Amino acid sequence: GAGVSQSPSNKVTEKGKDVELRCDPISGHTALYWYRQSLGQGLEFLIYFQGNSAPDKSGLPSDRFSAERTGGSVSTLTIQRTQQEDSAVYLCASSRSDRVDNEQFFGPGTRLTVL
Amino acid sequence: SQQGEEDPQALSIQEGENATMNCSYKTSINNLQWYRQNSGRGLVHLILIRSNEREKHSGRLRVTLDTSKKSSSLLITASRAADTASYFCATVLRTGGFKTIFGAGTRLFVKA
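Chain order of the listed sequences is W and Z.
Okay, so the first sequence: first residue is 1 according to our numbering, each after it adds one.
Okay, so the second sequence: first residue is 1 according to our numbering, each after it adds one.
Everything labelled a hint here was simulated from the structure, so no lab data went into it.
Bear in mind that the values here come from a model prediction, so they are computed numbers and not experimental data.
Incorrect hints may appear among the rest.
Here are some of the chain W residues that sit facing chain Z, going by a computed Cβ distance under 8 Å [claimed, not checked]:
#, residue
1, Y33
2, G51
3, P55
4, D56
5, L60
6, S66
7, A88
8, E103
9, F106
Cβ coordinates follow ideal geometry from the N, Cα and C atoms, glycine included.
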């Protein structure tokens, strides 16, 4: 694929359920980011993966949030025991990692609604 | 509060006018980037300015950076209705690896 893809595009879940959000980065991009965007707000950094290094998890809002990146490619963001305040658009981005000033390419996002 | 705060929060102009948006940040940065977000194309990178640069141009875009004031501005000249979008500045921290902090954005509306 030409760009970053995310699935599902929309997810409606009940409070207390677990959800998994998937991100497929651009082939060859070794840096991957997850952000959260609430309605009308900016992007909130959640976590970033850089090659085989330990991920920077400093933005995860609670221990209910976790993310994995398997094989240096696909990433999954998991939210356990979802709460209504978790409702937001979750955006994934990837970039080449050989330079710190590479632009990030964003996916279309997953809109999560927790009822 | 978050690194990277834009002002104004919203801006409405006529087609053909120039639009200026400002961004302030708090800590030392490696570079500052501007992104645009609209419903049709999602978030798209516009331009990057490094901490040792003061001004950069790309088409109708002009970005300035003043590291002494920890501020940047984005100027869009001869605006078009298609420029209607939200504009975000994003800072890559000097000691933060690749961690990127986005501001809350400026919503620009260009009237045809």
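Tested hints:
With 8 Å as the threshold, the beta carbon of Y33/W comes within range of chain Z, its nearest partner Cβ sitting at about 7 Å, so the hint holds. Annotation: G51/W was flagged as interfacial toward chain Z, and the flag is violated, the nearest CB pair being 10 Å apart, outside 8 Å. Taken as an interface hint, P55/W does not check out: its beta carbon lies about 11 Å from the nearest beta carbon of chain Z, beyond 8 Å. Below 8 Å, beta-carbon pairs count as interface contacts, and D56/W has one with chain Z at about 6 Å; its hint therefore holds.
Annotation: interface hint on L60/W violated; nearest CB of chain Z at approximately 13 Å, more than 8 Å. About 18 Å separates the beta-carbon of S66/W from the nearest beta-carbon of chain Z, more than 8 Å, and the hint is not met. Look at A88/W: its Cβ only gets to about 14 Å from chain Z, farther than 8 Å, so that hint breaks. The beta carbon of E103/W is positioned within 8 Å of a beta carbon in chain Z (closest approach about 4 Å), and the interface hint is therefore held.
A distance limit of 8 Å between C-beta atoms decides the matter here; for F106/W the minimum to chain Z is near 4 Å, and the interface restraint holds.
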